[in-house]
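> For the protein sequence lines, the chains are A and B, in the order given.
For the first sequence, counting from 1, position 95 maps to 95 in UniProt numbering; every step adds exactly one.
For the second sequence, counting from 1, position 25 maps to 25 in UniProt numbering; every step adds exactly one.
Treat the hints as calculated values from the structure; they're not laboratory data.
Hints are supplied without guarantee of correctness; some may be wrong.
The calculated label-pair distances, taken between Cβ atoms and stated as ranges, are [claimed, not checked]:
| id | chain 1 | residue 1 | chain 2 | residue 2 | range |
| --- | --- | --- | --- | --- | --- |
| 1 | A | Asp40 | B | Phe78 | 43 to 51 Å |
| 2 | B | Ala170 | A | Lys394 | 19 to 27 Å |
| 3 | A | Pro126 | B | Leu99 | 47 to 55 Å |
| 4 | B | Met301 | A | Lys78 | 27 to 35 Å |
| 5 | A | Lys394 | B | Tyr156 | 20 to 28 Å |
| 6 | A | Asp261 | B | Thr245 | 38 to 46 Å |
| 7 | B | Tyr156 | A | Thr154 | 22 to 30 Å |
| 8 | B | Asp256 | A | Asp87 | 22 to 30 Å |
| 9 | A | Lys233 | B | Ala170 | 38 to 46 Å |
| 10 | B | Gln207 | A | Lys394 | 49 to 57 Å |
| 11 | B | Asp256 | A | Asp218 | 38 to 46 Å |
| 12 | B | Met301 | A | Pro367 | 52 to 60 Å |
| 13 | A | Pro253 | B | Trp59 | 44 to 52 Å |
Virtual Cβ for every residue (Gly too), placed ideally from N, Cα, C.
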Amino acid sequence: MKARRYRCHLAAAFLFIAGGFASVPAHAAPVTLNFWAAWDPTKSDGIDGMKQIALFEQSHPDIKVNVQVIAFDALHDKLITSVVGGDAPDISWGLVEWLGELNRMGALPDLSAQMSAAPEGKALYPNALAALTIDGKLRAVPNYIGLRALLVHTDMLKKAGIAAPPKTWAELLADAPKIKAATGKPAFGIAGTGVRTPQELVMFLAQNGVKIAVPTKDGKFRNDWADNPAEIKRAAEVFAFYQSLATTGAIDPAAAGWGYDEEDSEFAQGRYAMVVDGSWMSERVAQNPKEMADLDIVPPPYNTTPATFFEVNPFYIFKGPHEAAAWQLAQFMIGREYQGAVDRDRSPRMDVTGDGIWGKSFTVLTPIGVVFPPVPLGSITQSMEDSVGRVLLKHQKPDVVAAWLGHAVNKALRQSGQLGSP
Amino acid sequence: MGAVQSIARGQGIAQRAKTALAKTPRRRRRLPLIAWVFLVPVALLLLALVAYPLLNVVWESVHYVNLTNPTATGFSGFDNFETVFEDDNLLPALWNTVLWTVFSVGGEYVLGLASALALVGPIRGGAIFRACIIIPWLIPIVVAGLDWSWILAPDYGVLNLWLVHIGLLAHPVDWLGQLNTALPTVTLANVWRTFPFYTISFLAALQAVPPELHEAAALDGAPAWKRFWHISLPHLRPVTLTLVTLHVIWTAVNFDFIWVMTEGGPLNASTTLPILIYRYALQNFDVGAACALAGMMMSAMATMFFLYRYGFMGLVRARVRRLNAGDA
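Just chain A, same shape as in the assembly:
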């Protein structure tokens, strides 16, 4: 009898405690967001970004942000494998090149409704949002835009007697020997390896009116060079341009092995005259003030069509229990205050533009920006990198390389289930 009473008291106490917990409002439990960022925590964007996140935490006491810095080189593999392993971060930096893959994996929620309802949606460049939209659904939020412009060491051009930076490929190739003769340095820089190689190639292709893959009627994509002699001719002209850059000495022979870091560092140290690069090079002015003092920024040279690479670096929000809180953080980071403090020179907001050459010189190029098609790009970008190597290192004929790349792109699309019918 005593034992029974004891058990009844115990059950009542348990129910009381359980009921007490249940009555606590759900929002009182703090949410910790895992945020993967690829900024350099020692540079201004990283420092300012962390200050802004501290402000976000103050204004949202129920949300904590756990920032993990991961370099871009490692971020792709980590994101894909974490999504497959069911342990994705709540929100992350990324490249727009990964949009197709992550969308195909079903990892990204549709953010269209939130963006339509948010005031930030109207302040963002429409083509930045369009670049992150697949089948009418917004799958990511623009973090910053990385438009590419032609950065010029004007002193080297003056020394060579060149009055203005080149506006076309032909002018660039004509200027190269003069610059080499006057300064002993190459005229131009490219990245022959790494993530920037396909970005530069897609830009050069666009400057000659060619696309790496085009949408098909069945909602998929296809490289149509083999079906269209005019297209493959234009693609071959792009590879011929690469070859001319090498044979005329317009680029350093070692550039075939450069990644983005070497390309940026060599330019910042004044070891060649011109490069098509992004506004992040403003960081290099502080590191190499003497060499970067003569800098000018103009639109990139082209062949038939003015174009530049439009790098829309997104915030990826991943499906999971913290989607709503992650959206709040993303909304804060595309807000005017955050963008003005962290990404003033490369903001995707139309109402935030930097002063001087690092701001408007780039943002005026937004209308001619081109992006990758929204398909899984893993082996496509690798093939693009290989195609540049085939021209510069194996010295293969441009038309052969163009045909090879077209075939490789369609093979990759077939393997990812994205190859459309001709």
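Assemble the complex: chain A is given as a structure, and chain B must be docked to it using the hints.
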């Protein structure tokens, strides 16, 4: 009394012996059980850590497994193998794997043997040399790879600087960025890192050679190279076979050293089969194709070593038996 005690003691001993004898079969019966108790954890570990991953590789090699394409699932037949065989990079990667393995193991053997012979004799400061020579092998692979990348860099690397300075080169060479120099350069760096393991192994074997054999041969007027050929080298045979066998496996499947220095580039010039497997799995995220290639590589290696173990070595043993029978 004493006799009685001694008889009693004798009876006690006999009784204990009888009891022990009676117990022995029971213990013997228990022995397999005890053995199982000790073996089961190990067997479970081996099943979980070796058998399961291996079987999983075989299973996934005949299934569609693509991390970025969750809709592609199910039995694939030979599609993954077809993907691998259609790849233009397969044959160059296979050839690179052969070159990388043969020249790495060959270089390590020659350099290891030469340094062991130099250090086996009584030389002043020999202990210091022996301690120093092991340093490259102690450096972690990633650190060694990065060090070499910096040493070989065309614009700021010290090797190019020295070679240009002393007039051996007219201008710096991008050793890791050229098609024809990338793989030989990584191979040389690998030889540099690994040869100390051969050195210490050979040194131990050479020091175990009885000095009387060399003394007797010297008294008979045998020159140094003949003593090396007929006395030292035969004593090195067991350690050589072990070293070469292990290093052929370790080198052929090596991934990290090449990846750190060239990532298989430029333009796949230093891509070996393990690099290709990594690319399938973690760049194209086509796990099925990666498993197909990994399975083929594993089968080829296993076949090679089964042939070596039961074919070549069997022939050698048979010949030795015949020779011994002839002597008798």
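> Each hint should be assessed against the structure and marked as holding or not.
Going down the list of hints, with the structure as the test:
1. One distance hint, 43 to 51 Å for the beta-carbon pair A:Asp40 and B:Phe78, holds here, with the actual separation near 47 Å.
2. For B:Ala170 and A:Lys394, the hinted distance range of 19 to 27 Å is satisfied, since their beta carbons lie about 24 Å from each other.
3. A hinted range of 47 to 55 Å for the beta carbons of A:Pro126 and B:Leu99 is consistent with their spacing of about 54 Å.
4. A hinted range of 27 to 35 Å for the beta carbons of B:Met301 and A:Lys78 is consistent with their spacing of about 30 Å.
5. Distance hint for A:Lys394 and B:Tyr156: a CB-CB separation of about 27 Å, consistent with the stated range 20 to 28 Å.
6. Between A:Asp261 and B:Thr245 the beta carbons are some 41 Å apart, a value that agrees with the proposed interval 38 to 46 Å.
7. Checked against the hint of 22 to 30 Å, the pair B:Tyr156 and A:Thr154 passes, with Cβ atoms roughly 26 Å apart.
8. About 25 Å separates the C-beta atoms of B:Asp256 and A:Asp87, a value consistent with the hinted range of 22 to 30 Å.
9. Here the CB-CB span from A:Lys233 to B:Ala170 is close to 39 Å, well matched to the stated 38 to 46 Å.
10. At about 51 Å, the beta-carbon gap between B:Gln207 and A:Lys394 stays in the expected band of 49 to 57 Å.
11. The given range of 38 to 46 Å is respected by B:Asp256 and A:Asp218, whose C-beta atoms sit roughly 43 Å from each other.
12. Between B:Met301 and A:Pro367, the C-beta spacing of about 57 Å keeps the proposed range 52 to 60 Å intact.
13. Between A:Pro253 and B:Trp59, the C-beta spacing of about 48 Å keeps the proposed range 44 to 52 Å intact.
Consistency note: the structure conflicts with none of the earlier hints.
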